[in-house]
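Need the complex rebuilt from these two chains, each delivered in its own frame; the hints are there to steer you.
Protein sequence lines, in the order shown, are assigned to chains E and X.
Just so you know, the first sequence maps onto residues 1 to 104 in this note's numbering.
Just so you know, the second sequence maps onto residues 1001 to 1113 in this note's numbering.
You may find that some hints are simply not true.
Claimed, not checked - In silico BS3-like cross-links for lysine-lysine, where the CA-CA straight-line distance does not exceed 25 Å:
(1) X:K1051 / E:K25
(2) E:K25 / E:K82
(3) X:K1051 / E:K22
(4) E:K22 / E:K82
(5) X:K1051 / E:K101
The hints are simulated quantities; they were obtained by calculation from the structure and are not laboratory data.
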Amino acid sequence: MAWLFLIFAGLFEMIGVLMISKLHKDRSWQSLLLLFLGFGASFLFLSFAMETLPMGIAYAVWTGIGASGGAIVGMILYGESKDWKRVAFIAMIIGATIGLKLVS
Amino acid sequence: MNANWLKVFIAAFFEVGWVIGLKHADGVMEWAATVICIIVSFYLLIMAGEKLPVGTVYAVFVGLGTAGTVFSGIIFFDEPFKIAKILLICVLLAGVIGLKIVTEDNATEGAES
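Next comes chain X alone, as it looks inside the complex (with noise of 0.2 Å):
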């Protein structure tokens, strides 16, 4: 597999990781955790994107963040499982991935990220 897709895959992990500590983090520790999270995925993100289509290194990578937090929170954190609220998720999911995949299409200025 292409470098710069494994960041992006890496980049949606670290993704997950500081949503989960925005959510559950306690303590110095835990927080700073957070931080190297986040800055470790927007960095992974930003350097794939310089290599790959902008609009379809988001689409995947918002894709594999937002998959990654549902069942996160339902495996690990007991949050209710309801099929209505996966399918509306699926559905604004597809809103967002559709949107930047056609604004990629058109490659207008001031899209990219």
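Excised from the complex, chain E in its bound form (with noise of 0.2 Å):
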């Protein structure tokens, strides 16, 4: 369950950084409140997360989440760069990630 909750921390967090880019375009006011509501729920799912993990593997996994979903999303939705390095450094944080589910 801890996992689970870790990865909707990141979700969030992701969504929290996207409304930081979209604010500094749009300025709106429902950016702001989405900004607010995604990093709040980020922080609240991995509080929960961190009941039962230890603080290292929680915020590393939060923040690789975080920036691994942004590039993929970048990827998908805004045509950022596809290049091999940075698929590669997706690859390294998921595959990490993975290993850290199985040695905690």
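If you want it as structure tokens, here you go:
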């Protein structure tokens, strides 16, 4: 269950980060609201996940999901570069996350 | 040292503070401190990112944040020290940092923060 919470925390963080970029462009209150909701939900789920997981693992995976998820969304929705280096780093993050799940 | 880089280091310090708070905070005062840490950390990071390259700032920040959380967990809260765990966290961190730095080189839109 803790890992599921952690994945949700990472996904909500991604929404928060996407809203930061959007807010820079449109300066709308909707983006600001979604930014707060995204990060709020993210922190809430992260604290649920940390009830059982150690801080180091939870924090690293949370950041990893945010960064790789953001890059994947960028590639699919915003036509960002699909350079092999970016794909390789995303694979490293996902591989390490699965490894952490297995050893903990 | 450049004052903007100093902000990045202080931001990472507060980042570790709120992570500890999310796990261990108990009572109104400690939760309030946790929220303050979140705000200070974000604020400093955004300020630093306006003057410095965002990808590099984030890479340094997340590296310090991860190292700080792992070590404070082990040192202050008796979390288990496992080599496999530390190595995997290093691989994950290398992926995040690499991704941020490569993305910055490409200067893609929407890649900030």
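Violated hints - listed by number, lowest first: Violated hint: only 5; rest satisfied.
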